[in-house]
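Can you build the whole structure from these sequences, using the hints too?
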Amino acid sequence: MLHSRLDQPFRLGGKLVRGRFVIPSGIRCTHATTIEKCFLEVPSVGVVTTKSISAQPRKGYREPIYARYAPGCYINAVGLANPGAAAFLAEFEGIEIPEDKFLLVSIFGSDTPSFLEAARILRPIADGFELNMSCPHAKGYGAQVGHDTKLLAEITEAVAREAGTPVFVKLAASFPDIEGAARASIAAGAAGLTLTNTIGPAVASVGAEPILHNKYGGLSGDGIRPLGVRAVEQVRRAVGPDPVIIGMGGIATPEHVAQYARAGADLFGVGSALTGLDSRQFREYLTGLERDCLSGNFDGAYARSCETTVPMDYERVRVVSRSHYDETLFKLVFDRLPAECGDGGMAGLFYFLCVPGVGEKPFAIFSSSEKSVVVRVVGEFTRHLAAIEPGAEILLRGPYGAGIPRFEDSTVVFAGGGTGIASLLEPAYRLRGANRLIFVLGARTASHLCDVEKFRALGEVHLATDDGSAGFHGFAPDLLKQVVASLPSAPPAAFITCGPEPMVWRCFEIQRRLAPPERIIGSIEYMTSCGVGICGKCASPSGALTCLDGPFLAWPQFQFVGERKTCGRHAGS
-13 MLHSRLDQPF RLGGKLVRGR FVIPSGIRCT HATTIEKCFL EVPSVGVVTT
37 KSISAQPRKG YREPIYARYA PGCYINAVGL ANPGAAAFLA EFEGIEIPED
87 KFLLVSIFGS DTPSFLEAAR ILRPIADGFE LNMSCPHAKG YGAQVGHDTK
137 LLAEITEAVA REAGTPVFVK LAASFPDIEG AARASIAAGA AGLTLTNTIG
187 PAVASVGAEP ILHNKYGGLS GDGIRPLGVR AVEQVRRAVG PDPVIIGMGG
237 IATPEHVAQY ARAGADLFGV GSALTGLDSR QFREYLTGLE RDCLSGNFDG
287 AYARSCETTV PMDYERVRVV SRSHYDETLF KLVFDRLPAE CGDGGMAGLF
337 YFLCVPGVGE KPFAIFSSSE KSVVVRVVGE FTRHLAAIEP GAEILLRGPY
387 GAGIPRFEDS TVVFAGGGTG IASLLEPAYR LRGANRLIFV LGARTASHLC
437 DVEKFRALGE VHLATDDGSA GFHGFAPDLL KQVVASLPSA PPAAFITCGP
487 EPMVWRCFEI QRRLAPPERI IGSIEYMTSC GVGICGKCAS PSGALTCLDG
537 PFLAWPQFQF VGERKTCGRH AGS
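Quick note: the sequence shown uses this note's numbering, first residue -13, plus one each step.
Hints were generated in silico from the structure; no laboratory data involved. Glycine residues also receive a C-beta, built at the ideal position from the N, C-alpha and C atoms. No false leads were mixed into what you were given.
With a straight-line cut-off of 25 Å between C-alpha atoms, the simulated BS3-like cross-links for lysine-lysine are:
1) K201 to K347
2) K45 to K125
3) K347 to K523
4) K440 to K357
5) K125 to K201
6) K347 to K45
7) K440 to K467
8) K201 to K523
9) K125 to K136
10) K317 to K357
11) K317 to K440
12) K201 to K45
13) K125 to K523
14) K347 to K317
15) K45 to K523
16) K357 to K347
The following label-pair restraints were derived from C-beta to C-beta distances:
17) E270 to A73: 29 to 37 Å
18) D299 to G328: 18 to 26 Å
19) P503 to S307: 37 to 45 Å
20) A73 to C327: 38 to 46 Å
21) R392 to G126: 48 to 56 Å
22) D134 to R266: 39 to 47 Å
23) T135 to A373: 49 to 57 Å
24) G377 to A73: 40 to 48 Å
25) P376 to E140: 55 to 63 Å
26) P99 to R302: 45 to 53 Å
27) V189 to D312: 33 to 41 Å
28) P212 to E313: 47 to 55 Å
29) A325 to P376: 16 to 24 Å
30) V189 to T98: 28 to 36 Å
What follows is the structure, encoded as structure tokens:
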């Protein structure tokens, strides 16, 4: 047996916890909904660590924030982005953490008062606190605090006294005196230690250009595992047998768990190995990992992320043309796409466009045969794209997404709003032929109804504009209600909707009276920063990640798992 205690409950604070795998801070479970989904669906996970939270909101770094620089090896720089302690606490309204699961709330600050403020606000949801003393790339935080052993001990003692719950101190293998930092943490009242954090600061490049927008980031995955195992071994020797050690850094297989267990770890954090796993794969992977650890099977059937085909390499493409619908909306056409295909081949998929030093954002392919994307000017990156000249090179990575379901011999109604219209052409190409297609397209003004003739070639088109400059004077959901009411035959068999969140929710309310839930498909423009399920920013109300499980999801996947009041960005639900 690989680790005789792996399937046995263990005492942590006031809880008897089931599951010795840990989701590390900042990995996947960064919203209350994804935390709840993990606890309910993945029995082998006993501890989920929140993203690192500060007393006040912090914007963090712009994309790219996560990249793969070699097979199984990653670099990230999120910049400790978070909504602030009060807003994060509000996400948990109505959520119950199971009695046999442990929510480890990661907090950070620059001094003792800032740590204490975050701990006081978040104490109502915390089974324990993890003190981030080791982030390698955020100035004034993380490692810059943790390297001061006196300050580290002062903060640990203050939070442990204030919290009344177990406190873990997160260290990194790159600490110059990790044994001294570990001893100081335990002497100050910490119940345990988490190690290792990502290691850095480091630089990874595409060609000669640093790929992260922050330039410097922390390394994770296969490359740091030997350092993580050594750090656990050093710290266990330094602090003795009693403190709990959460070992992490490159764990992906039963063999890796065994290495950390032999070094002295009690619990095992799995982070970068989750790259590219959708909700089903995530559940099956961690279930299989526990099963094979218990059986001693080092050749399990679960997929290891660095051996999957998740497309994280950047490819250079050339801009063929840039054409403007107006000053805020334009289309880029490229000379090629990394995955060449005909019309409909990119249905429900998207790419990240990247200009090193400027930024990176996700875009649906408008037309795969045309090799085009439609862009709305919003911020610095899209303003840069709006001025890019034909012949210029740009980086693409992808495609990402789960595609769309097939419907046969049906009336399919598409509803699009704003730039969401651009995400509907490829699904329409995919479903043409065997279905009757109806399009309800809405925008602020006529110039934002991009390439309507392409939709007219595929089916019946109804237009709405906020200003009345084209079609129905009003909003797309109001026109949708009229269109479906006027259909002479049976109600539509399926709906596909894409647009801003309020518009999509209004359409859902109309559609759910006319079609089964599984045939109401929607895509809401949630924030997506990594595309591979690590940052967790794109979580839906059900905890599904739209970058991997979507971006087009069935209506039930937009519903909260439990009965609770809606809050925050999901207020339309």
